[in-house]
Amino acid sequence: MTENNGSSKSKLHGLWALTNRELKKWYKAPVIFTLSIIQPILWMGLLGKAMNINAIFSPDKIQQLMGGLVLTPPLTQTQSAQLGGFFQGLQTGIMQNTFHTSDYFSFMAVGMIAFTALFTTAFSGMSVVWDRRLGFLNKALSTPVSRGVIVFSKVLSAALRSMFQAGIIIVIAIAFGLQFGASFNPLYILGVFGILFLICVGLSSMFIAITIRSTRMETPMAVMNLITLPLMFASNAFFPTSIMPSWLQTVAQFNPMTYTTDAVRQLLIYSSTDFGSVATDFAYVGLFALVIATIGIVLSWRFLNK
Amino acid sequence: MSEEIIKAEGLTKVFNGHLVAVDHVNFEIKKGEIYGFLGPNGAGKTTTINMLITILKPTEGKASVLGFDVLKQNNDVRNVIGVVPQEYTADEDLTGIENILLCADMYGIPRKVAKERALDLLKLVELTDFKDKRVQTFSGGMRRRLELACGLINRPKVLFLDEPTLGLDVQTRSATWNYIRKLKQEYGMTLFMTTHYLEEADSLCDRVAIIDHGKIVVVGTPEDLKHSLGGDIITIGIKEDADVSALISKVENVKDVKKENGTYRIKAEYGEVTAPFIIETLRKKGYTVSKLSLTEPTLNEVYLEYTGKSMRDAEESREAMWTQRMTMRRARQ
Numbered sequence: 001m002t003e004n005n006g007s008s009k010s011k012l013h014g015l016w017a018l019t020n021r022e023l024k025k026w027y028k029a030p031v032i033f034t035l036s037i038i039q040p041i042l043w044m045g046l047l048g049k050a051m052n053i054n055a056i057f058s059p060d061k062i063q064q065l066m067g068g069l070v071l072t073p074p075l076t077q078t079q080s081a082q083l084g085g086f087f088q089g090l091q092t093g094i095m096q097n098t099f100h101t102s103d104y105f106s107f108m109a110v111g112m113i114a115f116t117a118l119f120t121t122a123f124s125g126m127s128v129v130w131d132r133r134l135g136f137l138n139k140a141l142s143t144p145v146s147r148g149v150i151v152f153s154k155v156l157s158a159a160l161r162s163m164f165q166a167g168i169i170i171v172i173a174i175a176f177g178l179q180f181g182a183s184f185n186p187l188y189i190l191g192v193f194g195i196l197f198l199i200c201v202g203l204s205s206m207f208i209a210i211t212i213r214s215t216r217m218e219t220p221m222a223v224m225n226l227i228t229l230p231l232m233f234a235s236n237a238f239f240p241t242s243i244m245p246s247w248l249q250t251v252a253q254f255n256p257m258t259y260t261t262d263a264v265r266q267l268l269i270y271s272s273t274d275f276g277s278v279a280t281d282f283a284y285v286g287l288f289a290l291v292i293a294t295i296g297i298v299l300s301w302r303f304l305n306k
Numbered sequence: 001m002s003e004e005i006i007k008a009e010g011l012t013k014v015f016n017g018h019l020v021a022v023d024h025v026n027f028e029i030k031k032g033e034i035y036g037f038l039g040p041n042g043a044g045k046t047t048t049i050n051m052l053i054t055i056l057k058p059t060e061g062k063a064s065v066l067g068f069d070v071l072k073q074n075n076d077v078r079n080v081i082g083v084v085p086q087e088y089t090a091d092e093d094l095t096g097i098e099n100i101l102l103c104a105d106m107y108g109i110p111r112k113v114a115k116e117r118a119l120d121l122l123k124l125v126e127l128t129d130f131k132d133k134r135v136q137t138f139s140g141g142m143r144r145r146l147e148l149a150c151g152l153i154n155r156p157k158v159l160f161l162d163e164p165t166l167g168l169d170v171q172t173r174s175a176t177w178n179y180i181r182k183l184k185q186e187y188g189m190t191l192f193m194t195t196h197y198l199e200e201a202d203s204l205c206d207r208v209a210i211i212d213h214g215k216i217v218v219v220g221t222p223e224d225l226k227h228s229l230g231g232d233i234i235t236i237g238i239k240e241d242a243d244v245s246a247l248i249s250k251v252e253n254v255k256d257v258k259k260e261n262g263t264y265r266i267k268a269e270y271g272e273v274t275a276p277f278i279i280e281t282l283r284k285k286g287y288t289v290s291k292l293s294l295t296e297p298t299l300n301e302v303y304l305e306y307t308g309k310s311m312r313d314a315e316e317s318r319e320a321m322w323t324q325r326m327t328m329r330r331a332r333q
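Keeping their order, the protein sequence lines are chains E and L.
Following my numbering, the numbering of the first sequence begins with 1 at its first residue and continues without gaps.
Following my numbering, the numbering of the second sequence begins with 1 at its first residue and continues without gaps.
Keep in mind that a hint or two might mislead.
What the hints assert, rightly or not - Restricting the straight-line Cα-Cα distance to at most 30 angstroms, the calculated cross-link-like pairs of lysine-lysine (DSS-like) are:
#: 1; chain 1: L; residue 1: K267; chain 2: L; residue 2: K215
#: 2; chain 1: L; residue 1: K115; chain 2: L; residue 2: K184
#: 3; chain 1: E; residue 1: K11; chain 2: L; residue 2: K7
#: 4; chain 1: E; residue 1: K24; chain 2: L; residue 2: K115
#: 5; chain 1: L; residue 1: K133; chain 2: L; residue 2: K123
#: 6; chain 1: E; residue 1: K24; chain 2: L; residue 2: K123
#: 7; chain 1: L; residue 1: K226; chain 2: L; residue 2: K259
#: 8; chain 1: L; residue 1: K72; chain 2: L; residue 2: K123
#: 9; chain 1: E; residue 1: K11; chain 2: L; residue 2: K62
#: 10; chain 1: L; residue 1: K123; chain 2: L; residue 2: K31
#: 11; chain 1: L; residue 1: K239; chain 2: E; residue 2: K24
#: 12; chain 1: L; residue 1: K267; chain 2: L; residue 2: K309
#: 13; chain 1: E; residue 1: K25; chain 2: L; residue 2: K123
#: 14; chain 1: E; residue 1: K28; chain 2: L; residue 2: K72
#: 15; chain 1: L; residue 1: K258; chain 2: E; residue 2: K25
#: 16; chain 1: E; residue 1: K11; chain 2: L; residue 2: K57
#: 17; chain 1: E; residue 1: K28; chain 2: L; residue 2: K123
#: 18; chain 1: L; residue 1: K226; chain 2: E; residue 2: K11
#: 19; chain 1: E; residue 1: K25; chain 2: L; residue 2: K259
#: 20; chain 1: L; residue 1: K115; chain 2: E; residue 2: K28
#: 21; chain 1: L; residue 1: K309; chain 2: L; residue 2: K258
#: 22; chain 1: E; residue 1: K24; chain 2: L; residue 2: K133
#: 23; chain 1: E; residue 1: K24; chain 2: L; residue 2: K112
#: 24; chain 1: E; residue 1: K28; chain 2: L; residue 2: K112
#: 25; chain 1: E; residue 1: K11; chain 2: E; residue 2: K25
#: 26; chain 1: L; residue 1: K239; chain 2: L; residue 2: K215
#: 27; chain 1: E; residue 1: K11; chain 2: L; residue 2: K112
#: 28; chain 1: L; residue 1: K62; chain 2: L; residue 2: K7
#: 29; chain 1: L; residue 1: K112; chain 2: E; residue 2: K25
#: 30; chain 1: L; residue 1: K72; chain 2: E; residue 2: K11
#: 31; chain 1: E; residue 1: K25; chain 2: L; residue 2: K131
#: 32; chain 1: L; residue 1: K133; chain 2: E; residue 2: K28
Read the hints as simulated data drawn from the structure, not as lab findings.
Let the hints inform the model, and build the full structure from the sequences given.
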């Protein structure tokens, strides 16, 4: 029956066209595109530089606090210098112990990358609702394009967008003074994008699965508000889990964001990269992406058609 | 192949277990005809079309398009139909041709073939000069034509049009009708459309099914339907507060009298001759005729006759209303 309308039989036809449609809406709209670049810069400046944890432990600060302490006999020049050196070491030690890097900004910048991935993907739920309301979804459903492709194009475009933004963050972070770990190798960047792709696929599938039947704009927004912040703070994105209360540690242990951030930190800023735990991170996030994306696509088969 | 391009048997859709949107409808659509569903908003037109284009699963009954079952062979159906939805689905941020090519990609049409067809279609709907302009800048009529072009990219054998001129002004509307007629002539296509504009159904459709509360009330060509009313319609009102139905019905050539809202709707042959007789008869009995009108039947009279009420909107879902408002607003841009 279909021999003369020129259709091909590939199950994936239309995937790139639909993904590109989403991307075009982004990169062809100068305002949105510019904002999506400015946003990470703002975040980076505000969260990364304003929360200057390094300064708390700076030797000057500590010596100031000890100003009231009068020692007899007074310290010699050498002893004073030794003490200054001790404080310097103490700062680095504390930072290393807590954050695995002596520079909190570097720690934070990586958290920022995960944060951006989370927020960009959170909007993918909205675009499904929007397409439903404008009738585009129905139009797409009346064509032979596979239902899974309709959903997966949203997932893919969200992943590509947030990977692009993550790239910008890395560049800005370097400009702002990100300190690479001693064992850093430019090839590790590929690993960073790899894990980001996985987490974005998982997250946007999750947001889409939640809102797939929704007809109102309010639902995805409420979902976004409810989910994003807990996912962010119950992870190691801004603060190491090792010094969190134990119940929160348990939560963070299941949070895929924790694994993503860990992998990116291992690859970019830790003084020695532990490939064992990078592998664990990839496995966990990969499994998360696979399971959630499968659920998303199964739901799309069942629920896109009412 | 059978002559029936579309066939529905006992097609039913119940929403949320209690809201009966389409209630056991049966119809057959023949090759090459324009078949229209006429009814007010909320009558079940869009629900029917959505079941036929496989985006809504029937609760009961079955339907087939070109012999393919809409439920079991939905992908075969999707390959051979074209759909022009009520909404403007073209992406505002993309250009005219980009939108058509996007549709082509959803059908898996190779890029080279798609480009050729897209240019042909743009010519057909006279949008060639605007093909590289963003849809944002398009008027309502242009958007509608672009939707038509998108719906034709896979060379469908049947085209479904849901409220093809919703929100358009009168001139643009009749221009759009001409495009639709051209499609039928040039491609020998079968068209299924819904409308709540009586004059649209009258001027465009070969056969009209009047649908009310999810049921088909009557089917026929617009001429047959109007003819079936058996003559002209005389509407009169009297000053006095009395029921004169019986009196009027005795006048020669009067076939039927109905009283509604204080006026009488009289069906009569040779209306222009019969009307004076009615006035005369009433005056003899001391009644004063306060108003009078004489109309040759339109589909509105047909609608009134079969549903007992003027065409007005039934209750509808929030979503459907939003959709329609949105479409109308964009049509007027």
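Those earlier numbered hints the structure runs against, lowest number first: 8, 11, 14, 15, 18, 19 and 26
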